[in-house]
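Undergrad: Sequences are here, hints too, so could you generate the full structure?
Quick mapping for you: the protein sequence lines, in order, are chains A and B. Sequence positions in the first sequence follow my numbering and run 887 to 1234. Sequence positions in the second sequence follow my numbering and run 169 to 485.
No lab work stands behind these hints: they were computed from the structure. If you're wondering where the values come from, they're calculated on a predicted model, not measured in any experiment. Even for Gly, the Cβ is constructed at its ideal location relative to N, Cα and C. Among these hints, one or two may not hold up.
Each pair of labels, with its calculated beta carbon distance range [stated by the list, open to error]:
(1) B:L280 to A:G916: 27 to 35 Å
(2) A:G916 to B:D218: 24 to 32 Å
(3) B:S193 to A:D1118: 13 to 21 Å
(4) B:V209 to A:S1134: 52 to 60 Å
(5) A:G1095 to B:N181: 50 to 58 Å
(6) B:T182 to A:I1119: 30 to 38 Å
(7) A:E946 to B:L285: 43 to 51 Å
(8) A:S1140 to B:N181: 36 to 44 Å
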Amino acid sequence: MLKRVLGLFSNDLAIDLGTANTLIYVRDKGIILNEPSVVAIRHAYGGGMNNKTVLAVGQEAKRMLGRTPGNIQAIRPMKDGVIADFTITEVMLKYFIRKVQENRFLRPSPRIIISVPCGSTQVERRAIRESAAGAGAREVYLIEEPMAVAIGANLPVADPTGSMVVDIGGGTTEVGILSLGGMVYSTSLRVAGDTFDEAIINYIRRQHGVLIGEATAERVKKAIASGWSKSDIREIEIKGRDIAEGMSRAITLSSHEIYEAISDPLDSIVQATKQALEQTPPELSADIGDKGMVVAGGGALMRDMDRRLTEDTGLPVVIADDPLTCVARGCGKALEEMDTLGDVFANE
Amino acid sequence: MIPEYEEPIAKSNTSGSRLRRARESLGLSAEDVAGELRLSVSQIKALEQDDYTDLPGATYVRGYLRSYARLVKVDEDSVLPPLQPEPLARSMNAIARPVQRQARSSDRWVRLMSYSLGLLLIALVVVWWRSQGGFDFEKELLAELPSLTVEKGDSDRTVADSSPRQEATIRITAATAEAETKQSPSRLTEPDGPAANMRTTTTTADQPNALPQRERVTPPAVLTRASRESQAALASQSGRIVLTFSQSSWAEIRDASNERLLHQSFHPGREVAVEGTPPFSVFLGNAGGVRMEYNGETFDITPHQTGLYARFVVPGN
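TA: As structure tokens, then:
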């Protein structure tokens, strides 16, 4: 009862709880928070592991990744699209929710829509639900990411026509084929932005004998990585620790090298889309062949990613507007109209 | 020459025509572009003619234009049509099952409820305040009413000078109460404060026929038949009204000072005697069922009767 009353004073939220970034859409306001899903924890001296305090959350905590002293730990509580550290996720969500709620006097208790990977298990979904409830949510609705992407990209999800979406996020790649407001086929692949970073780190260590951190790998990926072998060549100079000498050393990387480094994860993404097309009923397959697929998520920003998918699948590929916020916008749109929509929400 | 190239000059700066010119300058045919983008030639031509009616939707059109622009090396943003967000509910309504509707603070009924609750709260507070302040309120009325009598009868207001007549009860009380009100404004906050009590005692003690304080609250001069005989002797200067009820009726009698002597409904068979300072203003709710005597003589009500009730002054002019 109290939660219902408090609910009158809080705005409903839609959260894209991503592996890399968390976006929060506030009802009637839009996306007002976009921060990395990182929490920095400080362990008090002598207090053991129980004596923890939150040092920073979001952007500030991300700058600490890989640069922390012994008593500080920068944690990414989400891994592969699902919760890896339940407590830290709850702390992070609580922090973000408090940040977007204007009402400081009453403890907010909003209704929350959270996107979940379509391949997540019941346990993982329950963990997300519990974590949002622990962060103060009155009610939690889950929406599968491909559905959120399709809604966010303004696709005709409710029409009797097939739409195909590919969301290449930080932790997972989601492929979904939708028609009549429901999912005809969906698959989730734990290969995405983070896998590219790891592949780049491994490649540079193997080929150049230099160790780099995740942050540098991400910088390289954003600057020169390309998804297509025939892209223009670009170069970047980075510094890392030489494995043999232990000294800092500068190396120059070309986009071709990076393409080679990430070709394995890229291939698995392409394979997943091909597999989805193979599983599609013929009528929907014809619709998709006519219109093409929509790509969203951070992976859609990779240079010539659409060309690669076009070449390999033979379909027109469309990059959604503002692909990074597509899921959050879709959740937000579902939130704005949740009083009339019920079927788009996922069950546990 | 292919017909679609013959476009009017006015339309030459649209995004479609710019893409077409860029394509031509690169020496590509529409078929080449269609092959690269895996679109059909008719779709490419529709894009070049800015005719989006047969294309699947805004998101796809923007995507196609973006890919096309990148292929022919034109700035992507310059060829994109403005975004027109479509409401989702319109299309989803047909198939979706609604989630239970949630009340929000902006809803009309929620707002109405809170306003009426607020008003109710204010009303309750007023009622409570009145009930708390009721004692003082009555006292003030009491202090005001008899003061009129005092002004009329005597010019001097002090208790000591008032003559020891039958009305003394009322007057003394009045003067005491008034003196209290004037001398101690704090009486409201401390109605039973020791100072107030002490003063009252001294004032009343000054007058010759010291009357007990208990009589401060004026008893209405309504007398039953049993006590009427004993009181009759005192009535030399005052008027006396006897009402006999044959039907039930409401009766209200006020004396010269407008003080209410009678204010009650009576059952048939009752007889009531009222004494006080004339002239009396009398109101009878069911005048047909009441017989009235004034100072021992029968008083004819009928001339004053208007419909059921009667309102008149005795003694008349």
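Undergrad: Against the structure, test the hints numbered earlier, and report the numbers of the ones violated in rising order.
TA: none
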